[in-house]
Amino acid sequence: AQTVTQSQPEMSVQEAETVTLSCTYDTSENNYYLFWYKQPPSRQMILVIRQEAYKQQNATENRFSVNFQKAAKSFSLKISDSQLGDTAMYFCAFRAAGNKLTFGGGTRVLVKP
Amino acid sequence: GAGVSQTPSNKVTEKGKYVELRCDPISGHTALYWYRQSLGQGPEFLIYFQGTGAADDSGLPNDRFFAVRPEGSVSTLKIQRTERGDSAVYLCASSLTSGGSSSTDTQYFGPGTRLTVL
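These protein sequences, in sequence, are chains D and F.
Numbered according to my numbering, the first sequence spans residues 1 to 113.
Numbered according to my numbering, the second sequence spans residues 1001 to 1118.
It should be emphasised that the hints constitute simulated quantities derived from the structure, not laboratory data.
The C-beta atom is built at its ideal place from N, Cα and C for all residues, glycine as well.
Please note that a few of the clues may not be correct.
[What the hints assert, rightly or not] Sample of chain D residues at the chain F side, in silico, Cβ under 8 Å: (1) 14; (2) 19; (3) 45; (4) 58; (5) 69; (6) 73; (7) 91; (8) 96; (9) 100; (10) 103; (11) 104.
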């Protein structure tokens, strides 16, 4: 079974600064996908970024980028130029061939003005 | 276009009652997923539909939980004899396809139904 671990329950960052969220996972699969989802108080999970395990190049989406270290089974998210609207819970998630997502416990990000 | 919608937004029921939670996926999405999110935790997988059939129901906690998707679109999650431990947010997601290609397999979530069992 796959497991996903987010070791930081909460992170604070000043507006316009950078914050990095950690995620590690455990799997015996070779082909899989990794995701970061954002969940604001509205509860709706919003996809932030995804990474295919077979791709060595780290994914980027505007102010969001990942550092994918396959050998270390690490998948961290960097939020650059943090904005007040980035305040939310962030979940790391794993998907292998079975389609279901396995989520970590989440990290609460608070962006301070 | 419209995203995934879920009704009701909130449901309060008494222990032992029966409840139904509805999910309307994105139009044209063939795959539909149910997850349960307890307070302070990440979502946990319950069941996944490909078309009308349940392709993986390994996450259903017991036989009080059942889900259907009779026409391959709308899905209903049914919980019998509710218990206080069933209180959670129930999230539904859909994807265009399933089974391999990352971009079209991406799951898009609805806002969830918060179930409270008194």
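Do the hints match the structure? See the list:
1. Interface restraint check for residue 14(D): the shortest CB-CB distance to chain F comes to about 26 Å, outside 8 Å, so the restraint is violated.
2. For residue 19(D), the interface hint is violated, the least distance from its beta-carbon to any beta-carbon of chain F being 19 Å, above 8 Å.
3. Evaluation of the residue 45(D) hint against chain F yields a held restraint, the C-beta minimum of about 4 Å falling below 8 Å.
4. Restraint check, residue 58(D) versus chain F: the minimum CB separation of about 15 Å is more than 8 Å; hint violated.
5. The interface hint given for residue 69(D) is broken, as the beta carbon of that residue sits about 19 Å from the closest beta carbon of chain F, more than 8 Å.
6. The interface hint given for residue 73(D) is violated, since its Cβ lies 17 Å from the closest Cβ of chain F, which is over the 8 Å cut-off.
7. For residue 91(D), the interface hint holds, the least distance from its beta-carbon to any beta-carbon of chain F being 5 Å, beneath 8 Å.
8. Hint status for residue 96(D) relative to chain F: violated, with the closest Cβ pair at about 11 Å, above 8 Å.
9. The criterion of a C-beta within 8 Å of any C-beta in chain F is met by residue 100(D), whose closest approach is roughly 4 Å, and the hint holds.
10. The interface hint given for residue 103(D) holds, since its Cβ lies 3 Å from the closest Cβ of chain F, which is under the 8 Å cut-off.
11. Checking residue 104(D) against chain F: minimum C-beta separation of about 5 Å stays under 8 Å; hint holds.
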